[in-house]
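Using the hints, position chain B against chain A.
Sequence lines, in order, name chains A and B. So for the first sequence, my numbering puts the first residue at 1; every next one is plus one. So for the second sequence, my numbering puts the first residue at 114; every next one is plus one.
Hints in this document: simulated from the structure, not taken from any laboratory. There's no promise every hint is true.
As the list claims (entries may be wrong) - Here are the computed lysine-lysine pairs in the DSBU-like style, where the Cα-Cα straight-line distance is at most 35 Å:
id, chain 1, residue 1, chain 2, residue 2
1, A, K26, B, K179
2, B, K155, A, K56
3, A, K70, B, K133
4, B, K168, A, K26
5, B, K155, A, K70
6, A, K56, B, K154
7, A, K26, B, K154
8, A, K69, B, K154
9, A, K70, B, K154
10, B, K133, B, K177
11, A, K69, B, K155
12, B, K177, A, K70
13, B, K127, A, K26
14, A, K70, B, K127
As the list claims (entries may be wrong) - Chain A stretches covered by chain B per the calculated footprint, using a threshold of three residues with CB under 8 Å from any CB of chain B:
id, stretch
15, 43–54
16, 100–108
Each residue gets a CB set at the ideal place from its N, CA and C atoms; glycine is no exception.
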Amino acid sequence: SQQGEEDPQALSIQEGENATMNCSYKTSINNLQWYRQNSGRGLVHLILIRSNEREKHSGRLRVTLDTSKKSSSLLITASRAADTASYFCATDASGFGNEKLTFGTGTRLTIIP
Amino acid sequence: GAVVSQHPSRVICKSGTSVKIECRSLDFQATTMFWYRQFPKKSLMLMATSNEGSKATYEQGVEKDKFLINHASLTLSTLTVTSAHPEDSSFYICSATARDRGYNEQFFGPGTRLTVL
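Chain A with its partners taken away, still in its complex shape (with noise of 0.2 Å):
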């Protein structure tokens, strides 16, 4: 299998704190995108990040990506209750518009009010 892993697979913080997550992926990509999924609903992309990048900022969200490490991480900082999801990083291989994505196995997160 091609996916990607993420962790920590769960993840219980207070509301405030920094809430870090990490993905691995395995082949060469394009792009690494994050998304957001609210239980039992349909995703949410927060943020797309290009190979050629190595941080990228939106909000409270801040994603890094080491290539030679195959491995990105998203943090959101001062974290809030409406933050709990489970997050879900995804790889694409190729730099045009119509290309399957590969999902890392996600991060559960849960913001304790």
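Below, chain B without anything else, positioned relative to chain A:
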């Protein structure tokens, strides 16, 4: 913009029946739609890639005769689970890419929960 809908959101059926799930892009033309399957507390597994007007490309291990995919227009793809059995119970999610939005951004539907009794 870039909204993808799925219908139905939940369906319960008897073993042996067929179920059709619709995936629609509401405000853009989707050149490609993807169908995923997700088991509880697991990740998404790609089942097939559907291009408008052509046959779907199935991932290894996915039975094309069991999971029929039709992408008849740029805004609609359907997944039909034929002769459903309890092991087909799962969460099915579609996504779509937009011709005019470029660079591999997929927009996901809200998912369909299928329960086969």
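Cross-check of the supplied hints:
no. : hint              : verdict
1   : A/K26 <-> B/K179  : holds, 30 Å
2   : B/K155 <-> A/K56  : holds, 27 Å
3   : A/K70 <-> B/K133  : violated, 39 Å
4   : B/K168 <-> A/K26  : holds, 29 Å
5   : B/K155 <-> A/K70  : holds, 22 Å
6   : A/K56 <-> B/K154  : holds, 28 Å
7   : A/K26 <-> B/K154  : holds, 22 Å
8   : A/K69 <-> B/K154  : holds, 27 Å
9   : A/K70 <-> B/K154  : holds, 24 Å
10  : B/K133 <-> B/K177 : holds, 14 Å
11  : A/K69 <-> B/K155  : holds, 24 Å
12  : B/K177 <-> A/K70  : holds, 33 Å
13  : B/K127 <-> A/K26  : violated, 40 Å
14  : A/K70 <-> B/K127  : violated, 44 Å
15  : 43–54             : holds (count 4)
16  : 100–108           : holds (count 8)
Taken one by one, the earlier hints fail for this structure at numbers 3, 13 and 14, listed in ascending order.
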